[in-house]
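Chemist: Residue numbers (the numbering used here), protein chains in the order written: chain S, 1 to 415; chain B, 1 to 477.
Note that these hints are calculated values from the structure, not bench results. Wrong hints could be hidden among the right ones.
What the hints assert, rightly or not - Covered by chain S, according to a simulated footprint, are these stretches of chain B (three or more residues, beta-carbon under 8 Å):
no.	region
1	3-11
2	306-313
Stated by the list, open to error - With a straight-line Cα cutoff of 35 Å, these simulated DSBU-like cross-link-like pairs (lysine-lysine) come out:
no.	chain 1	residue 1	chain 2	residue 2
3	S	Lys337	B	Lys232
4	S	Lys329	S	Lys353
5	S	Lys76	S	Lys156
6	B	Lys178	B	Lys27
7	S	Lys337	S	Lys415
8	B	Lys71	B	Lys232
9	S	Lys337	B	Lys27
10	S	Lys393	S	Lys329
11	S	Lys329	S	Lys368
12	B	Lys316	B	Lys114
13	S	Lys76	S	Lys4
14	S	Lys106	B	Lys232
15	B	Lys289	S	Lys215
16	S	Lys368	S	Lys4
17	B	Lys232	B	Lys366
18	S	Lys4	B	Lys232
19	S	Lys215	B	Lys316
20	B	Lys289	B	Lys71
21	B	Lys71	B	Lys316
22	B	Lys114	B	Lys232
23	S	Lys215	B	Lys232
As the list claims (entries may be wrong) - Reference excerpt, derived from the structure (chain S facing chain B, CB under 7 Å, subset only):
no.	residue
24	Arg83
25	Cys99
26	Leu126
27	Ser138
28	Arg144
29	Glu149
30	Gly150
31	Tyr151
32	Arg222
33	Gly225
Computed from a predicted model, the values in this text were never measured in an experiment. Cβ coordinates follow ideal geometry from the N, Cα and C atoms, glycine included.
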Amino acid sequence: MTEKHDIVIVGGGPAGLAAAVAAYDAGVTDVVIIDREEAPGGVLRQCIHNGFGLHKLGRELTGPEYAAVYAAEAVKRGIRILRETMVTAVSPDREVTACSREGILKIEAGAVILAMGCRERSRGALNIGGTRPAGIFSAGTAQRLINCEGYMVGKKAVILGSGDIGLIMARRLTLEGAKVEAVCELMSYSGGLTRNIVQCLEDFDIPLYLSTTVKEIHGRDRLTGVTVVAVDESRRPVPGTERYIECDTLLLSCGLIPENELSLAAGIPLDTITGGALVDERRETEIPGIFACGNVLQVHDLVDYVSDEAELAGRSAAAFVRGEISQEKTVTVSAEKGIRYCLPQRVHTDAGKTELYMRVAAPAERVKIVARDGERVLLEANRRRVAPGEMEKITLTPEMISGAEEIRVSLEAWK
Amino acid sequence: MVYDVAIIGAGIIGAMTARELSRYRLKVCLLERTNDVAAGASRANSGIVHGGYDPEPGTLKAEMNILGVEKLFRAAEELHVPCIRNGSMICAFGAAEEPAVHALYERGLVNGVKDLRILTGDEARELEPELSGEVSLVLHVPTAGIVCPYKLTIAAAGNAIDNGIDFYRNFAVCGAEKTDEAFCLRAESGETVEARYVVNCAGAYSDRVAALFGDGDFSIIPRAGEYLLLDKAEGGRVAHTIFQVPSAAGKGILVSPTVDGNLLTGPTAAAVESPENTEITPEGVETVKALSARSVPGVQFARVITSFSGVRASEKGGDFIIRTSERVPGLVHAAAIDSPGLTSCVAIAERVTELLSGAGLVLEPKAHWDGTRPDTEAFRHMNDEEKDAFIRENPDYGRIVCRCEGISEGEIRDAVRRAPGARDVDSVKRRTRAGMGRCQGGFCMPHVMRIIAEELGIPEEQVTKKGPGSHILTGRL
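I would like the entire structure built from these sequences, with the hints used as guidance.
Modeler: And the structure:
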């Protein structure tokens, strides 16, 4: 069966929902969201803690509540959401193939918005030594089992990785009666938000061990314990610092990876650092008419920022459908010393006010983010403190962009 | 009931032997100590169909390997298990190692390996552009191939079960007594079965099983091999299976595509104390990376999706042990089956059957024996139109559960229903690949657990990762 629609959105999480609503409000009403789960909302459905929406909606919501706000907006507009439907292919000429209990569906789309989100790094990818017992979960899997399925995953846990999901799950396990023995972090700083370290660890007296990793997993059938070890500046284990911790559960919260298998198969070039597509200021990938937003593009700190980015992509896709395409050339935006990546990776010279999002390479204090065109300084923005766990943003004006040849962004000392 | 034959161990040798015996009008049982077939070396090895240049001429290994290659390809076809003749290359790095290539070539000729060729480094790089520039001479073995060892084991056991043999799981034999006419085999659970003949294919435990019968004339040396499996994005790095000639730098580290399209590197070889020792070590991982980079420098180890270790059952004599017990009439050993055991499995099963016949077992062919097994991956290989029509008849196949590998609910239900049925999450993974992709089950595990629970009619809390003791959930909230 083949259908035609103006905009097809792959993924009905926070990014997909916000993009759909924004595209609709920009005047393109034939919008279809395709989602693999039984209900839209994506990972927010399992994030039952609060802290969502403060920036975007001005109130503090739980994940399901935040998703419900956007789902309701989509429903109000009559936007079609295909559930339990998995997109299996997107072609460069925007034919979308999806699979559901009804069969195989093909849609010729005017524009496509990729909003597939991300996945967690697995144990295999971490190369932790030892046995392979039950009781090892990625933090998000444990979160789903507890919050959506209503099951407990263990009694005594160690968590590797102090990203936000790891921190949130330390608190969640504790609230459900488990003992969290330790949260270990390979780096010398936590990748999580400060508020989560305070509210999820300190308030519950859960120890956080920095520069520490899990070296070995023990237990044949179910996990019986882990050996943790301190690491040096180059993240090598320090011999003699090994310590055995008895536990029946190990949660891994060691990073998120944008799920770009569909994008790769479509031939969309990706950024090796973000793991997401290379995009312009409108979030269009290098394949015309295919846009990307949310955690499939870059892993965000807060869902509020996902919604912002998705709205931009939704408006841009609507403009594309209406034939409003910039004819101007693009200039590249590149990350230089101290900055790990910068997004978008290119801007049209006729772009309006453009926000550049970036992550720094390491924590630093009293620094400035500097944007240059060649040797010419476009913008300097002082920051009292920066950390890789908190995304930074600067805003370029049309005047800065219009004459530029190449834009380079770096982190420099504050003088 | 007294069985005619009890086979101890449902690895590839036990499963193939069961299939071979299922041709005849016999009552046969296959006894397995764990929750699934292919629990030991058959789960975690290189998956290589060896050409036959390596074993010493005159050994059982050489004989079984040469006999086994074509038999294996035929069995794999009948069982609908992918088996690809991709050829292998054995590489020498510089003049000092080149004599080894010539020696292997000569040995291959003596063993009867067909189509062997010696290539210069440049000739080899034309066939295999990612091969290291340091490779100077190569033995090319076009008859060699790749196969998935556990899929072959599952299919062979399933076909045997379909042809009437009985499969007992969680039956760890801990006692064997001779009664008037038969052996009484006792499991740790207390369960017993009786059988007139016994085949010992207990892998790394086969010396212990022999000892239960009072036959202790061999001892197994478990050797662990660690592997790294890489993402399908690396699967096209090489087309052939790339070996290195044995040298001071190591022996047997290979870089190979898998039949599923991933890239496999490994194994190490370390003597371990226990057959249970399938641990991954940081040293092993580093060794695999360093040595595989020696032959194929471009491998992107950032794309490792999992590491695993398998224990091979070796014996100090170095050869397979396939013989009727001298002390215990009615007992046949198929032990110490390390490499090239997978390649030899059908030949070994046939040899075991001959030995049983020689010991007095009467082999009377069944009137109706079907050596084929339906293609369990048929759905995955359909085109969109075929899938669409199939899903309309069978909607469960339209619900994708494992997003990384694109596995549907229907395929997972099949894995539980089709003999030998999966009873745990890892068994579903081996049958369907659900959970074997990039996310390693992060997304699909809760779905897989629910489907297993539904199919088996048990609460989800009782679903295990890999059998008794490996529960995943600790209770309801």
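Chemist: Confirm or reject each hint.
Modeler: How the hints compare with the structure:
no.	hint	verdict
1	3-11	violated (count 0)
2	306-313	holds (count 3)
3	S/Lys337 x B/Lys232	33 Å, holds
4	S/Lys329 x S/Lys353	17 Å, holds
5	S/Lys76 x S/Lys156	45 Å, violated
6	B/Lys178 x B/Lys27	18 Å, holds
7	S/Lys337 x S/Lys415	17 Å, holds
8	B/Lys71 x B/Lys232	29 Å, holds
9	S/Lys337 x B/Lys27	73 Å, violated
10	S/Lys393 x S/Lys329	24 Å, holds
11	S/Lys329 x S/Lys368	29 Å, holds
12	B/Lys316 x B/Lys114	30 Å, holds
13	S/Lys76 x S/Lys4	22 Å, holds
14	S/Lys106 x B/Lys232	26 Å, holds
15	B/Lys289 x S/Lys215	18 Å, holds
16	S/Lys368 x S/Lys4	49 Å, violated
17	B/Lys232 x B/Lys366	43 Å, violated
18	S/Lys4 x B/Lys232	32 Å, holds
19	S/Lys215 x B/Lys316	33 Å, holds
20	B/Lys289 x B/Lys71	34 Å, holds
21	B/Lys71 x B/Lys316	28 Å, holds
22	B/Lys114 x B/Lys232	31 Å, holds
23	S/Lys215 x B/Lys232	27 Å, holds
24	Arg83	11 Å, violated
25	Cys99	6 Å, holds
26	Leu126	9 Å, violated
27	Ser138	5 Å, holds
28	Arg144	6 Å, holds
29	Glu149	6 Å, holds
30	Gly150	5 Å, holds
31	Tyr151	4 Å, holds
32	Arg222	6 Å, holds
33	Gly225	14 Å, violated
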